[in-house]
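There are 2 protein chains.
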Amino acid sequence: MSGTEPAPSASWFLQAAEQFQVGFEPNALSASPVRHIVVVTCMDARLDLFRLLGLQIGDAHILRNAGGRVTDDVIRSLVLSSHALGTREVVVIHHTGCGLLGATNERLRSKVRDATGHCADHIDFLPIHDVKESVCHDVAAVQRCELLPCDMVAWGCVYDVTDGSLTRVV
Amino acid sequence: MSGTEPAPSASWFLQAAEQFQVGFEPNALSASPVRHIVVVTCMDARLDLFRLLGLQIGDAHILRNAGGRVTDDVIRSLVLSSHALGTREVVVIHHTGCGLLGATNERLRSKVRDATGHCADHIDFLPIHDVKESVCHDVAAVQRCELLPCDMVAWGCVYDVTDGSLTRVV
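The listed protein sequences derive, respectively, from chains A and B. For the first sequence, the numbering used here begins at 227 and goes up steadily by one. For the second sequence, the numbering used here begins at 227 and goes up steadily by one.
Keep in mind that the hints are not guaranteed to be accurate.
You can't tell identical chains apart in this list, so a pair holds if it fits in one copy or across any two.
Okay, derived cross-link-like pairs now, SDA-like style, lysine to any residue, Cα gap no bigger than 25 Å in a straight line [stated by the list, open to error]:
1. Lys358 with Ser256
2. Lys358 with Cys371
3. Lys358 with Glu332
4. Lys358 with Pro232
5. Lys358 with Leu327
6. Lys337 with Gly312
7. Lys337 with Asp356
8. Lys358 with Leu311
9. Lys337 with Gln245
10. Lys337 with Glu372
11. Lys358 with Glu244
Read the hints as simulated data drawn from the structure, not as lab findings.
My request is simple: use the sequences and hints to build the entire structure.
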C-alpha cells in the first residue's frame with residue numbers, strides 16, 4: 227500500500243470524538259479493569275461488547291482479532307492483563323456469520339496473491355469450521371497456558387448475530 | 227491455570243445479554259463493514275470505541291490487543307478484513323496511561339517467572355516508550371505491508387484517558 231491517499235474517515239472520527247469529549251467525565255480509573263475480566267472476541271463490525279454485555283467504562287479488557295482466536299498475540303495480551311493488571315477471568319466469544327466460518331487458508335492465500343502479487347502462504351488465517359468447536363478449542367488453549375495465573379478462569383460463548391442471543395457453550 | 231473454578235461474571239454477562247436481546251432489532255448487515263474501516267487499538271478497559279468514535283453497529287472492524295500494537299496477528303486480521311471483507315482504511319489509536327507505557331520486557335518476564343515458575347522470555351510484550359512514536363511506528367508497519375491492497379489508507383491518533391480527547395498524530 228502507498229499510504230499517500232487521504233483518510234476518508236478522519237474528519238468524521240475526530241468530530242465524533244470532539245462531541246464525546248464535551249460529555250467526558252473525569253474519573254479515577256486505572257489501567258487495571260474494575261471487574262478483573264478479559265473478553266476475547268472477533269473484530270466483526272456487528273459486535274458492540276459494551277452494549278451486549280452491559281459493560282461500563284473501566285470494567286474489562288477487550289481483545290479482538292479476526293475470529294476472536296486465541297493466538298500468540300492474545301496470549302501476550304492475557305499474560306500482561308493478568309500478571310501486570312490483575313485480571314483473573316477470560317471469556318471467549320465467537321459468533322455466527324463470522325468471515326472465517328467456512329473459509330480456507332488456500333482460498334484466502336490465493337485471493338491475496340491475485341490481488342497483490344505477494345505470497346501469504348506463511349499466514350494461517352485460523353479458519354473456523356464449527357463455531358462451538360472453535361470456542362471450546364480456544365478456551366482450552368487459555369486453560370492450558372502455563373504462563374497465566376493458576377487461579378485464572380476461562381469460559382466461552384457463541385453470539386448469534388441474527389437474533390442478538392448469547393449462549394454459553396463451555 | 228486449572229480452569230476448574232466457577233466463572234464469576236458468567237451470570238452477570240448472560241443476564242445483560244438477555245436484556246440486550248429483548249431490544250435487538252434484526253438487520254441485513256453482513257460481515258463486511260459498512261464504512262470499510264478497521265480500528266486498531268488497545269485492550270484498555272477505559273476505551274469504548276463505539277461511543278468515542280460515534281460508531282454504529284456494522285460500521286467498522288475493531289482489532290484490540292495489549293497496546294494496540296500492529297503484530298503478526300493484526301496483519302493476519304487486516305489481510306482478511308481488506309481482501310475478504312472490503313475494508314480500505316486503518317486507524318491506529320494508542321492512549322495515555324497505557325499499561326505498556328514505560329514497561330520493560332525484563333520486568334514483565336521476571337514477574338511471570340516469579341508468579342508461575344515458567345519462562346516467558348520468548349514473548350516480546352512490545353513495551354511503549356512514547357505513545358506518539360508507537361502510533362507512528364505502527365501506522366508505518368501497516369503502510370509498508372505488501373500483503374494489503376495498494377489503495378489501503380492508514381493514519382493514527384492518541385486518545386487521552388484523562389480528558390477524553392483524541393488527537394491525530396500521523
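Hint by hint, here is what the structure shows:
no.: 1; hint: Lys358 with Ser256; in the structure: between (34 Å within a copy, 20 Å between copies)
no.: 2; hint: Lys358 with Cys371; in the structure: within (20 Å within a copy, 33 Å between copies)
no.: 3; hint: Lys358 with Glu332; in the structure: within (23 Å within a copy, 38 Å between copies)
no.: 4; hint: Lys358 with Pro232; in the structure: between (41 Å within a copy, 20 Å between copies)
no.: 5; hint: Lys358 with Leu327; in the structure: within (11 Å within a copy, 37 Å between copies)
no.: 6; hint: Lys337 with Gly312; in the structure: between (41 Å within a copy, 12 Å between copies)
no.: 7; hint: Lys337 with Asp356; in the structure: within (23 Å within a copy, 37 Å between copies)
no.: 8; hint: Lys358 with Leu311; in the structure: between (29 Å within a copy, 23 Å between copies)
no.: 9; hint: Lys337 with Gln245; in the structure: neither (40 Å within a copy, 40 Å between copies)
no.: 10; hint: Lys337 with Glu372; in the structure: between (37 Å within a copy, 14 Å between copies)
no.: 11; hint: Lys358 with Glu244; in the structure: between (40 Å within a copy, 19 Å between copies)
Of the hints listed earlier, the one the structure fails to meet is number 9.
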